[in-house]
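Engineer: Chain by chain, the residues run as shown.
Number of protein chains: 2
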Amino acid sequence: LEIGTGSGLLAMMAARLGARQVTTCEAVTAIAATARAIVADNAFTPPVTVISKMSTGLEVGVDMDERADLLVSEILSSEFLGEGVLASIEDAKRRLLKPGARIIPARGSIQFALFGGADIEHNIRVDQVYGFDLSRFNAIVPRKHYISRNDLNIELLSEASSAFSFDFAGTDRFPVSERRTIEVPVRQAGRCCGVIQWIRLEMDDSHVFENHPAIKNPASGWQHCAYVFPATIEVLPGQIALIGAARNRTTPWFFFQGFK
Amino acid sequence: LEIGTGSGLLAMMAARLGARQVTTCEAVTAIAATARAIVADNAFTPPVTVISKMSTGLEVGVDMDERADLLVSEILSSEFLGEGVLASIEDAKRRLLKPGARIIPARGSIQFALFGGADIEHNIRVDQVYGFDLSRFNAIVPRKHYISRNDLNIELLSEASSAFSFDFAGTDRFPVSERRTIEVPVRQAGRCCGVIQWIRLEMDDSHVFENHPAIKNPASGWQHCAYVFPATIEVLPGQIALIGAARNRTTPWFFFQGFK
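Read top to bottom, the protein sequences are chains A and B.
Counting from 1, one number per residue, gives the positions in the first sequence under the working numbering.
Counting from 1, one number per residue, gives the positions in the second sequence under the working numbering.
Just so you know, the hints here were simulated from the structure itself, not pulled from any lab data.
Mixed in with the good hints, there may be bad ones.
[Unchecked claim] Derived EDC-like pairs: lysine to aspartate or glutamate, alpha-carbon spacing no greater than 20 Å straight-line: (1) A:216 x B:151; (2) A:93 x A:119; (3) A:93 x A:210; (4) B:216 x A:59; (5) A:216 x A:151; (6) B:93 x B:69; (7) A:144 x A:167; (8) A:98 x A:59; (9) B:260 x B:234; (10) A:53 x A:65; (11) A:216 x B:119; (12) B:216 x A:65.
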């Protein structure tokens, strides 16, 4: 079983790697029709079946002959939760997978670090411009930015921390929301603009993907998310920042709570 | 008169440069309130008055004592027309400006060129991936892209052309829509992905701003827009491409019509 067909690439890869039968589902009708044509273009045997439904609408006995042995999915947003991955995997485990079925990725987490640097600060905050003080404008601009420019130098002022982890293989029902305070040791002095967040995926026990800001990965659809603090904070090595991390089913959030 | 206050920067600059009275309007209430506070922070005399209305809701005798001598505005989107500049300036000329009032920018145009290059093509099209042919997916992806990465090498395969020009100072009523075929001489051989579009503004008779893709301007809010053709086209110097250009009140569009 695959959730979220898109171009059909993952389903076809699974078939090429030996899956006897691949059922894949796609909520957007035009995308499902295109994926079906792409699968035909690539002449697949054994068959890849594209079903034009959300996974929560799939029915064993109607859309698939039996429960699946393996779930593959790439329904992760830049902030991990945005495409409803938790609800989709919970539902699949309850209704569409055999007990003990393999799940790829098996586990994942929302990672973050403190960030700063004059280059990025200049792009996410406004202060003095041509002799005018515009700093009040910072109060009404968005607090969350997707970092789509990789020419901007972003300094990581702390080590990476994990905010929330999700064991897809081992958990049947995830908490609806979570909130915690995380101690983050400062590694480098600087003006901290906020938290930069990325994702880490453990495909199985040996393969990990992580779009860590310091790793130059080939282009992916995942962007780094910056959660900008209301004011810039001077940090020094040796300090331990207390970062509040919260999530609901579809969004994480980060805020500064002080120093330890 | 200014249309579109934002942070209040243009209005304060006008006051600093000697404007006796600046009336500026802002449709978003929270932004208008912030701009009013920023103007107070910067202690302006003569007064800058921020009015929390769209310009089409301003009334002479209520919001301003008399018609204005000068209009300043920055209500231009990356594709020039997206923020309703034509309707706003027509209305201001009819109701809010003195006859012969100066308008800054006085004129502007929507500029474009043919573009290609392996680097950008790889990011806007999909063909073979891990041995699978995904090319049908190109039929359902968006035809218009904002180019937000400036690390991608974009090759201009033609000289710049002007698609549509707008003389704000000299025109009282712009056509609702326009459509034309433009002859575009190819300058460089390559795989043409489509048209890249930018804006050119003549502030007055001597000051021009243009975010030409070959000019490294300081960061601005304006992005280059790529209008991707359904299929990539091989072009050669000496050929003259026939490019269809169309616009309505809020959007331009470009398409390939053949060679001359």
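Engineer: Are the hints correct? Go through all of them and say.
Structural biologist: Comparing the hints with the structure gives:
1. As the CA atoms of residue 216 of chain A and residue 151 of chain B are separated by approximately 13 Å, the hinted pair is consistent with the 20 Å bound.
2. Proposed proximity of residue 93 of chain A and residue 119 of chain A is contradicted: the alpha carbons are some 45 Å apart, above 20 Å.
3. This hinted pair does not check out: residue 93 of chain A and residue 210 of chain A have alpha carbons roughly 25 Å apart, beyond 20 Å.
4. A hinted pair counts as satisfied when its Cα atoms are at most 20 Å apart, and residue 216 of chain B with residue 59 of chain A does not qualify at roughly 55 Å.
5. The hinted pair formed by residue 216 of chain A and residue 151 of chain A meets the criterion: a straight-line CA distance of about 12 Å does not exceed 20 Å.
6. A hinted pair counts as satisfied when its Cα atoms are at most 20 Å apart, and residue 93 of chain B with residue 69 of chain B qualifies at roughly 11 Å.
7. In summary, the hint linking residue 144 of chain A to residue 167 of chain A is not supported, as the alpha carbons are separated by about 26 Å, beyond the 20 Å threshold.
8. Distance restraint check for residue 98 of chain A and residue 59 of chain A: the Cα-Cα separation of roughly 14 Å lies within the 20 Å cut-off, and the hinted pair is therefore satisfied.
9. For the given pair, residue 260 of chain B sits about 15 Å from residue 234 of chain B by alpha-carbon distance, which is consistent with the 20 Å threshold.
10. Our distance criterion of 20 Å between C-alpha atoms is met by residue 53 of chain A and residue 65 of chain A, whose separation comes to about 16 Å.
11. Restraint check: the Cα-Cα separation between residue 216 of chain A and residue 119 of chain B comes to about 16 Å, which is no more than 20 Å; the hinted pair holds.
12. The hinted pair formed by residue 216 of chain B and residue 65 of chain A fails the criterion: a straight-line CA distance of about 59 Å is larger than 20 Å.
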